[in-house]
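2 protein chains.
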Amino acid sequence: MNFKPTFLDVDTSYPIVFLNFEDAQKLGIESNDQVVLKIRRMKVRSFIALTKKLVNKGSVGVGNYLRKRYSFEENLLNIARAKSAKSFNYIRKKMQGGKLSYTELREVIQDAVNGNLTNLEMAAFILAEEYVGMTMEEIEHLTKVMVETGETIEFNRTVYDKHSIGGVPGNKISLLIVPTIAAAGLFIPKTSSKAITSPSGTADTMSVLAPVEFTPEEFKEVALKAGGAIVWGGRLGLAPADDIFIREVERPLRVDPESQMLASIFSKKLATGVNYLTLDLPVGEGAKIENRKNALELAHKFSQLGHRLGIKVVCGITYGGQPIGRCVGPALEAKEALEALINGGKNCSTSLLEKSMSLAGLLLEVSGKSRRGYGKDLAYEIFRKGRAYLKMKEIIEAQGGDPDIKPEDLPVGQHKAVLKSPIDGYIKKVDNEKINEIARKAGAPKERGAGLVIYGKQGHKVKKGEPILEIFAERTTKLNDAYELALTLKPIAIEGMLLDIFPEITT
Amino acid sequence: MNFKPTFLDVDTSYPIVFLNFEDAQKLGIESNDQVVLKIRRMKVRSFIALTKKLVNKGSVGVGNYLRKRYSFEENLLNIARAKSAKSFNYIRKKMQGGKLSYTELREVIQDAVNGNLTNLEMAAFILAEEYVGMTMEEIEHLTKVMVETGETIEFNRTVYDKHSIGGVPGNKISLLIVPTIAAAGLFIPKTSSKAITSPSGTADTMSVLAPVEFTPEEFKEVALKAGGAIVWGGRLGLAPADDIFIREVERPLRVDPESQMLASIFSKKLATGVNYLTLDLPVGEGAKIENRKNALELAHKFSQLGHRLGIKVVCGITYGGQPIGRCVGPALEAKEALEALINGGKNCSTSLLEKSMSLAGLLLEVSGKSRRGYGKDLAYEIFRKGRAYLKMKEIIEAQGGDPDIKPEDLPVGQHKAVLKSPIDGYIKKVDNEKINEIARKAGAPKERGAGLVIYGKQGHKVKKGEPILEIFAERTTKLNDAYELALTLKPIAIEGMLLDIFPEITT
Numbered sequence: 000m001n002f003k004p005t006f007l008d009v010d011t012s013y014p015i016v017f018l019n020f021e022d023a024q025k026l027g028i029e030s031n032d033q034v035v036l037k038i039r040r041m042k043v044r045s046f047i048a049l050t051k052k053l054v055n056k057g058s059v060g061v062g063n064y065l066r067k068r069y070s071f072e073e074n075l076l077n078i079a080r081a082k083s084a085k086s087f088n089y090i091r092k093k094m095q096g097g098k099l100s101y102t103e104l105r106e107v108i109q110d111a112v113n114g115n116l117t118n119l120e121m122a123a124f125i126l127a128e129e130y131v132g133m134t135m136e137e138i139e140h141l142t143k144v145m146v147e148t149g150e151t152i153e154f155n156r157t158v159y160d161k162h163s164i165g166g167v168p169g170n171k172i173s174l175l176i177v178p179t180i181a182a183a184g185l186f187i188p189k190t191s192s193k194a195i196t197s198p199s200g201t202a203d204t205m206s207v208l209a210p211v212e213f214t215p216e217e218f219k220e221v222a223l224k225a226g227g228a229i230v231w232g233g234r235l236g237l238a239p240a241d242d243i244f245i246r247e248v249e250r251p252l253r254v255d256p257e258s259q260m261l262a263s264i265f266s267k268k269l270a271t272g273v274n275y276l277t278l279d280l281p282v283g284e285g286a287k288i289e290n291r292k293n294a295l296e297l298a299h300k301f302s303q304l305g306h307r308l309g310i311k312v313v314c315g316i317t318y319g320g321q322p323i324g325r326c327v328g329p330a331l332e333a334k335e336a337l338e339a340l341i342n343g344g345k346n347c348s349t350s351l352l353e354k355s356m357s358l359a360g361l362l363l364e365v366s367g368k369s370r371r372g373y374g375k376d377l378a379y380e381i382f383r384k385g386r387a388y389l390k391m392k393e394i395i396e397a398q399g400g401d402p403d404i405k406p407e408d409l410p411v412g413q414h415k416a417v418l419k420s421p422i423d424g425y426i427k428k429v430d431n432e433k434i435n436e437i438a439r440k441a442g443a444p445k446e447r448g449a450g451l452v453i454y455g456k457q458g459h460k461v462k463k464g465e466p467i468l469e470i471f472a473e474r475t476t477k478l479n480d481a482y483e484l485a486l487t488l489k490p491i492a493i494e495g496m497l498l499d500i501f502p503e504i505t506t
Numbered sequence: 000m001n002f003k004p005t006f007l008d009v010d011t012s013y014p015i016v017f018l019n020f021e022d023a024q025k026l027g028i029e030s031n032d033q034v035v036l037k038i039r040r041m042k043v044r045s046f047i048a049l050t051k052k053l054v055n056k057g058s059v060g061v062g063n064y065l066r067k068r069y070s071f072e073e074n075l076l077n078i079a080r081a082k083s084a085k086s087f088n089y090i091r092k093k094m095q096g097g098k099l100s101y102t103e104l105r106e107v108i109q110d111a112v113n114g115n116l117t118n119l120e121m122a123a124f125i126l127a128e129e130y131v132g133m134t135m136e137e138i139e140h141l142t143k144v145m146v147e148t149g150e151t152i153e154f155n156r157t158v159y160d161k162h163s164i165g166g167v168p169g170n171k172i173s174l175l176i177v178p179t180i181a182a183a184g185l186f187i188p189k190t191s192s193k194a195i196t197s198p199s200g201t202a203d204t205m206s207v208l209a210p211v212e213f214t215p216e217e218f219k220e221v222a223l224k225a226g227g228a229i230v231w232g233g234r235l236g237l238a239p240a241d242d243i244f245i246r247e248v249e250r251p252l253r254v255d256p257e258s259q260m261l262a263s264i265f266s267k268k269l270a271t272g273v274n275y276l277t278l279d280l281p282v283g284e285g286a287k288i289e290n291r292k293n294a295l296e297l298a299h300k301f302s303q304l305g306h307r308l309g310i311k312v313v314c315g316i317t318y319g320g321q322p323i324g325r326c327v328g329p330a331l332e333a334k335e336a337l338e339a340l341i342n343g344g345k346n347c348s349t350s351l352l353e354k355s356m357s358l359a360g361l362l363l364e365v366s367g368k369s370r371r372g373y374g375k376d377l378a379y380e381i382f383r384k385g386r387a388y389l390k391m392k393e394i395i396e397a398q399g400g401d402p403d404i405k406p407e408d409l410p411v412g413q414h415k416a417v418l419k420s421p422i423d424g425y426i427k428k429v430d431n432e433k434i435n436e437i438a439r440k441a442g443a444p445k446e447r448g449a450g451l452v453i454y455g456k457q458g459h460k461v462k463k464g465e466p467i468l469e470i471f472a473e474r475t476t477k478l479n480d481a482y483e484l485a486l487t488l489k490p491i492a493i494e495g496m497l498l499d500i501f502p503e504i505t506t
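One line per chain: the protein sequences are C and L, in this order. Position 169 (the first sequence) corresponds to 168 in numbering that gives the first Met the number 0; numbering is contiguous. Position 431 (the second sequence) corresponds to 430 in numbering that gives the first Met the number 0; numbering is contiguous.
In short, the hints are calculated from the structure, not lab data. There may be inaccurate statements among the hints.
Said to hold, decoys possible - Partial pick of chain C residues on the chain L-facing surface, computed with a CB cut under 10 Å:
{"hint": "1", "residue": "E29"}
{"hint": "2", "residue": "E217"}
{"hint": "3", "residue": "E247"}
Cβ coordinates follow ideal geometry from the N, Cα and C atoms, glycine included.
Excised from the complex, chain C in its bound form:
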């Protein structure tokens, strides 16, 4: 049934619509129901409030939450009662240790996308994945049904892609890899995500240089024009179940079951028709993978799943025990990447350049652009000669940005504070998690200019009083908070420094 939206002066953190009692009765909706709103191609599960006077018959009261997120141009909003999902029985089957078929998984995912599962039921599904696990066959089916329940984009070209499983701060390597690959003549239309728990996702960093939000049609046009792109995947509607699970369960509970991670990555790739994929698996303390044995096991699963889905996957296991490059936070990372591109890698941090060129090299090798073992050399050649920078300018322009943007134009935070080494010594460790926490406290990723510059990495010699970390913020209060936190957390440990004191036992 369609209703005329009237906007109500009501601010909530969740979707809610106000329905007139009589309309609700006609629809068979009671106050303990939820409803599904159809807004263009999307379905949104919403809370309801029934009212006799606040909203007239035929109208529906819409608050700021929905108004801000969706367009109500068409002037009519379709509302139906959210059904109690039969597929919850399949979720229960998985909870009890069962194996789900393609059809069963399809119903679960369809119900999630259609707004027929509550957040609690979705949590039960994700936690059953965590504790019961899934077979490779289930993961293959899960990936496929996640693709089938969303948008897909057909480029009619061989598609290359790069993906990092994340977890390491400062990981702006896509901004170096994508233009390098595209400059070699390979088509690489990269979708990326915004930060969930990190100080900057690839989409956040890229958004400093050019717009990243597109419809599927616009994305296709942009990517084909420049031979590559770096856009935000969030509004494309690819594998929407994934976004729903992240928003409703994985982020609030801080869980990310392996099967869901595999299906999440591959569903996005499958939806854009990726043929060749290089996967970055960072390993080390504070990264998502703690040791090489686990990394190899995971790499094996990625290859297997890729094989089942017709995607050629080459995994690069990389060192992820400390941040990549020197900068953390959207504008600072964009600046670091842009400088590297303009300078052809001169003065670029080794960790950033070497990692980017190694992973780009893997793609150049599987594509046949380079002989085995020579991919990295080719990548370096492209990058050093400035061909990657020229391609990046094309990409920025195609996405609607200024191709002549300069590093010094980028809006880094104007409030700064420096931490200095308290002693002469060597840097023993730069802690990923602490760096993340401090950068977020400074305001990243929401405040684009907030972030950190790390002046020394593991093994570097430092003198007493030398700067080791600089904090950038857009607001003084956040600068102070981040500075306080840095003093407490000591994210950069220096050999010979007293880190903690254990009091003596006195009894």
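For chain C, the structure is supplied; the task is to place chain L on it using the hints.
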């Protein structure tokens, strides 16, 4: 901060309050927060909506959900921002396989009671219990902290109690056991629950005979007066975390982890100072426990936990493969129990009387009222002589009911339908789950008069055309639905009856 409640014409299925923007700012509340309302001694986590015009400064808009459930007599409502709970880190520790200390469990439970955990976070806790499990030490601590975070009642007497873990329809045995024990001079102030997934909980059945809702003070007075009571535990505030978990997680997800079940039962007992407890563990197809081995293991855990908590527990493993007695549904079960009491057990179904007297006997033995092995005989003597009925009249009167209430006064549903045996044969099985489903379809427990009468149990001989099941309902639509369902489900299987037909393989 305190606000003046104004009632809004808004019906929701969850607690929501409408706050003026400026008041919210003063309280540091943003639209993505939730709030905790302090209503007398209870704390209720509530959604919020911020508004500029709907509600004036100093007022808070309260909808029908809260208005119906809580009294706002005091005319001021205290509202605070719900904090993000530090104890979620302990939940995460349990999710990752860790063991929780007393202090950690105490924080988790305190946060649940104070409204500081979201339903998702509570689901994570309950599902971690399900999948990771808890040691007996953790369960002991969990039980204790659940008691400490709620009301307790001190009777200053030796307290006896009876508890059934449930799952079998028609289980009105408390209405026979409690007056029998009390008639023997043992103090048995029983708290009971309303149905969650069954057609009638003990509190539902008892409510047909007398009021069951009391404050802790009233409950104490009532129980001491009659030497026993059967009241609803839901409004007493004993171990409130348990009620919250059931409402927010266990009922919607249909989960009941063993550790939570143990803690739930014992926390309610500990909160009323129970010293001796007889536990009914029904075993059989369609009961909560499938076989005797599992029942013995569980009985061992109950005894162990009782020992740790200072409660003497005697477990009775009973046959739970089919319904207890003949009647299912609040009024019908109350009628069956009252008839048994009045008639001193004459004409009472063997399954009901024998089970009740056996369990009562166990309590009489542990109390020393009877020698070992003679408890059941003593229970039968008390019951047959009508002493249990006299005591029940006292209990009904003390709770505010009419002690002279007669079975024929009870409001059983006026719409009836009978199912007849289609053949001559023997009853092979009466299916618990199907009986539950049909009785609920008829309207039980909400409609007190709805339910079933079962005319034959396992092993009984039936003739073609003889009634085997009668359905009672308060509304014809529900009667029809239940009748249709009964025809489909065939809850009573008769030997020689064709139950299902498997089609032949034709390929």
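Hints, one by one, checked against the model:
1. E29: Since chain L brings a Cβ to about 8 Å from C:E29, closer than 10 Å, the hint holds.
2. E217: 30 Å, violated
3. E247: 8 Å, holds
In the structure shown, a violation is registered for the earlier hint numbered 2 alone.
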